[in-house]
Amino acid sequence: MISFSYDKIRRLQDRLIPAGLFACALLSVLTTLFIVGILAVEAVSFFREVSIWEFVTGTTWTPLFDPQHWGILPLVAGTLMVGVGAALFAIPLGLGSAIYLSEYANKRTRVIVKPILEILAGVPTIVYGYFSLVFITPVLQAIIPSTQVFNALSASIAVGIMITPMISSLSEEALLAVPNSMREGAYALGATKLEATHKVVIPYALSGIIASIVLAVSRALGETMIVTVAAGATPSLSLNYLESIQTMTAYIVQVSMGDTPMGSVEYQSIFAVGITLFLFTLVMNFAAIAITKRFKIGE
Amino acid sequence: MLAHSREHKIYQWRKLKDTLFKGLFFTAIVISLAALAALLGGILMKGLPYLTLDFLSSYPSRFAAKAGIKSALAGTFAFIMITGPTAFVVGVLTAVYLEEYAKKNWLTNLLQLNIANLAGVPSIVYGMLGMVIFVRGLGLGRSVLAGALTMTLLILPVIVVATQEAIKAVPVALRHASYALGATTTQTVFRVVLPVAMPGILTGTILAVSRALGETAPLITIGALTYVAFLPTGPMSEFTVLPIQIFNWVSRPQAAFQDIAAAGIIVLLSIMLLLNGAAIYLRNKYRKPVE
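Those protein sequence lines, which keep their order, are chains A and B. Heads up, the first sequence is in the working numbering, so the first residue is 1 and it goes up one at a time. Heads up, the second sequence is in the working numbering, so the first residue is 1 and it goes up one at a time.
Think of the hints as simulated: they come from the structure by calculation, not from any bench. Every value quoted in this text rests on a predicted model; they were computed, and no experiment measured them. Careful: at least some of the hints might be erroneous.
[What the hints assert, rightly or not] Computed footprint of chain B on chain A, listed as stretches where at least three residues anywhere in the stretch have a Cβ under 8 Å from a Cβ of chain B: (1) 14–22; (2) 31–44; (3) 87–100; (4) 114–121; (5) 160–174; (6) 215–229; (7) 262–271.
[To be verified] Cross-link-like lysine to any residue pairs, in silico, SDA-like; alpha carbons within 25 Å at most: (8) A:107 / B:34; (9) B:15 / A:202; (10) A:293 / B:104; (11) A:8 / B:187; (12) B:104 / B:186; (13) A:293 / B:119; (14) B:103 / B:168; (15) A:107 / B:17; (16) B:17 / A:103; (17) B:9 / A:198; (18) B:168 / B:184; (19) B:103 / B:173; (20) A:107 / A:180; (21) A:193 / A:104; (22) B:70 / B:256; (23) B:22 / B:33; (24) A:107 / A:169; (25) A:114 / B:119; (26) A:193 / B:7; (27) A:8 / B:188.
[To be verified] So, partial list: chain A residues that the calculated Cβ filter (under 8 Å) puts toward chain B: (28) 10; (29) 28; (30) 125; (31) 129; (32) 133; (33) 135; (34) 253; (35) 257; (36) 277; (37) 281.
Here a beta-carbon is modelled for each residue, glycine too, at the ideal position from N, C-alpha and C.
The shape of chain A in the complex, shown without the other chains (with noise of 0.2 Å):
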């Protein structure tokens, strides 16, 4: 009798534990829900204030003084300027890690090169703005004078140390999922070393690549401390690298720290520009895992 209702009872944990461990999944769909409907809610109160044709293709943005102009293009520049600069950084330097290390390196090195370029995916972009303030800054004022204190240029850089072991850690791998026979097919019909590499393997790492760049990019966009410290506030479609310059981002930060009304236009714009930013990296993020997908059906 009461091993017969001892196990009643570990059926019933057996139907209540999956529906309890199901909610918890559900939050983090409730998590995307949300975040899409708030933005949505708040840019839609905008829209009534905002024509979206002028926020689309408005080409000045001057929502914290008189006349005010809510183009949002000047956002959309900056933040495209520092994306395409750090990934003109980040691609090379990734990139030529990568191959080092899988066609190139003996494992020794592999094993003690790779965890320290990972710290640089670690350190907090804080730390990073602070460098590309009070070290890049400087350094790119002494070969260029006439580059401002705060410019594109020295934050792209910034962001691009970042988004590099992004790179070279995810492409790395792709590499090393290459099989060996490949290679060795290739060293069989006399090719060099680099003629392997670039004839044979990288095509056929080529989709687990181009997903590593498209999602370090997509965190390019997103960043927000480093443009924030060290790009300037200063909305501007000039696309001049040595100019200050204003993120989608850095954008946010700059409202969320004043006191703006909770209702007012300006605490609206701040929904406009995060959905804007959102649908940028939501379109590389999936992007980025539709690569991947027809990736691993090559494997």
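Given chain A's structure and the hints, the job is docking chain B onto it.
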């Protein structure tokens, strides 16, 4: 003979190119490592002279020479004490559901895709979420609790993925043995699988918490204060954390504040280094407990 020497030249050129590119790839690593060295070296040089006991035990001040990080350290500690355990519990349970209970159907795929995407959402967007839900919606104000819950959502995907990896690495034989003894799924998961996977789970959690420790943007968005001259008294207390204090000092034009910002960074990096060291220690100590 002529053709032969031409072929030989091409061969030499190919060999040369091979060596040149090997050098280029190696240079990429050297530059990356040099950047790390410059970053750490520069900060140590600037900050070390200001890293005194007074600096650790003073409240922030208008005067750089008197300013310290007492309230920021206490705030960081208080906020990790909430974020760490909450994110650990929810993250592990989510991963257990996905790995052990979820059926392989579209809903599970959606959950998995959702988690992958959440990991890529910019941290400042989490800050906006936290401001609307926790600070205003639930009326928690700019409290330690509001900040900690925001950060929990931010690091949750990292912990879920790390836990899933750790669970996947548990040998199937152990499960079979457990089932053979008549255990239910639940008993098998909680008494066999999770204990074996725990080192991996803890490593992932520590790394995620260490990331939370360095995050600044979400806490600025939810309105963490930059000037706090008191210690947090409970979860509803207003607070500041080390990265916010550092940000505050970095944004001031005076060089003196930037120097103490460097000292603050050294403290922040040391705490993170300790946490990462603990994670590596755990990983090595418990590596391959069962073969």
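So, going through the hints one by one against the coordinates:
Residues of the stretch 14–22 of chain A lying with their CB closer than 8 Å to a CB of chain B number 6, which satisfies the three-residue condition for coverage. Beta-carbon proximity to chain B at under 8 Å applies to 7 residues in the stretch 31–44 of chain A; the threshold of 3 is reached and the given coverage holds. Given as covered by chain B, the stretch 87–100 of chain A passes the check, having 8 residues with a CB less than 8 Å from a CB of that chain where 3 are the minimum. Note: the stretch 114–121 of chain A has 4 residues with beta-carbon separation from chain B under 8 Å; the three-residue rule is met and the coverage holds.
Coverage of the stretch 160–174 of chain A by chain B holds in this model, with 4 residues showing a Cβ closer than 8 Å to a Cβ of that chain against a need of three. For the stretch 215–229 of chain A, the stated coverage by chain B is satisfied: 10 residues place a CB nearer than 8 Å to a CB of that chain, which reaches the threshold of 3. Against chain B, the stretch 262–271 of chain A contributes 3 residues with a C-beta closer than 8 Å to a partner C-beta. That satisfies the three-residue criterion, and the hint holds. Simply put, residue 107 of chain A and residue 34 of chain B have alpha-carbon atoms about 21 Å apart, close enough for the 25 Å limit, and the pair holds.
About 19 Å separates the Cα atoms of residue 15 of chain B and residue 202 of chain A, which keeps this hinted pair within 25 Å; it holds. Between residue 293 of chain A and residue 104 of chain B, the direct Cα distance comes to roughly 17 Å. Compliance with the 25 Å bound is thereby established for this hinted pair. For the given pair, residue 8 of chain A sits about 14 Å from residue 187 of chain B by alpha-carbon distance, which is consistent with the 25 Å threshold. Our distance criterion of 25 Å between C-alpha atoms is met by residue 104 of chain B and residue 186 of chain B, whose separation comes to about 18 Å.
Taking the CA atoms of residue 293 of chain A and residue 119 of chain B, the gap is about 17 Å. The hint holds against a cut of 25 Å. With a CA separation close to 16 Å, the supplied pair residue 103 of chain B and residue 168 of chain B stays within the 25 Å bound. Restraint check for residue 107 of chain A and residue 17 of chain B: satisfied, since their Cα atoms lie roughly 24 Å apart, inside the 25 Å limit. With a CA separation close to 15 Å, the supplied pair residue 17 of chain B and residue 103 of chain A stays within the 25 Å bound.
With a C-alpha separation of about 21 Å, the suggested pair residue 9 of chain B and residue 198 of chain A falls inside the 25 Å cut-off, and the hint holds. With a C-alpha separation of about 19 Å, the suggested pair residue 168 of chain B and residue 184 of chain B falls inside the 25 Å cut-off, and the hint holds. Restraint check for residue 103 of chain B and residue 173 of chain B: the C-alpha separation of about 21 Å stays at or below 25 Å, so the hint holds. The suggested pairing of residue 107 of chain A with residue 180 of chain A holds, with an alpha-carbon distance near 15 Å, which does not exceed 25 Å.
The straight-line distance between the Cα atoms of residue 193 of chain A and residue 104 of chain A is roughly 9 Å, inside the 25 Å bound, and the hint therefore holds. The suggested pairing of residue 70 of chain B with residue 256 of chain B holds, with an alpha-carbon distance near 18 Å, which does not exceed 25 Å. Distance check on the hinted pair: residue 22 of chain B and residue 33 of chain B sit about 17 Å apart at the alpha-carbon level, within 25 Å; holds. Between residue 107 of chain A and residue 169 of chain A the alpha-carbon distance is near 15 Å, which keeps this suggested pair within the 25 Å criterion.
Proximity of residue 114 of chain A to residue 119 of chain B is assessed by CA-CA distance (about 22 Å); at most 25 Å being required, the pair is judged to hold. For the hint pairing residue 193 of chain A with residue 7 of chain B, the CA-to-CA distance comes to about 19 Å; that is within 25 Å, so the pair holds. For the hint linking residue 8 of chain A to residue 188 of chain B, the alpha-carbon distance of about 17 Å falls within 25 Å, and the restraint holds. Checking residue 10 of chain A against chain B: minimum C-beta separation of about 6 Å stays under 8 Å; hint holds.
Hint on residue 28 of chain A holds. Least Cβ distance to chain B is approximately 5 Å, under the 8 Å limit. Taken as an interface hint, residue 125 of chain A checks out: its beta carbon lies about 7 Å from the nearest beta carbon of chain B, inside 8 Å. Taken as an interface hint, residue 129 of chain A checks out: its beta carbon lies about 6 Å from the nearest beta carbon of chain B, inside 8 Å. Hint status for residue 133 of chain A: holds, given a least beta-carbon distance of 7 Å to chain B, under 8 Å.
The beta carbon of residue 135 of chain A is positioned within 8 Å of a beta carbon in chain B (closest approach about 5 Å), and the interface hint is therefore held. Residue-level restraint check for residue 253 of chain A holds (minimum Cβ-Cβ distance to chain B is 6 Å; threshold 8 Å). Of the supplied interface hints, the one on residue 257 of chain A holds, with its beta-carbon coming within about 6 Å of a beta-carbon of chain B, less than 8 Å. Below 8 Å, beta-carbon pairs count as interface contacts, and residue 277 of chain A has one with chain B at about 6 Å; its hint therefore holds.
Interface restraint check: residue 281 of chain A against chain B, minimum CB-CB distance 6 Å, threshold 8 Å, status holds.
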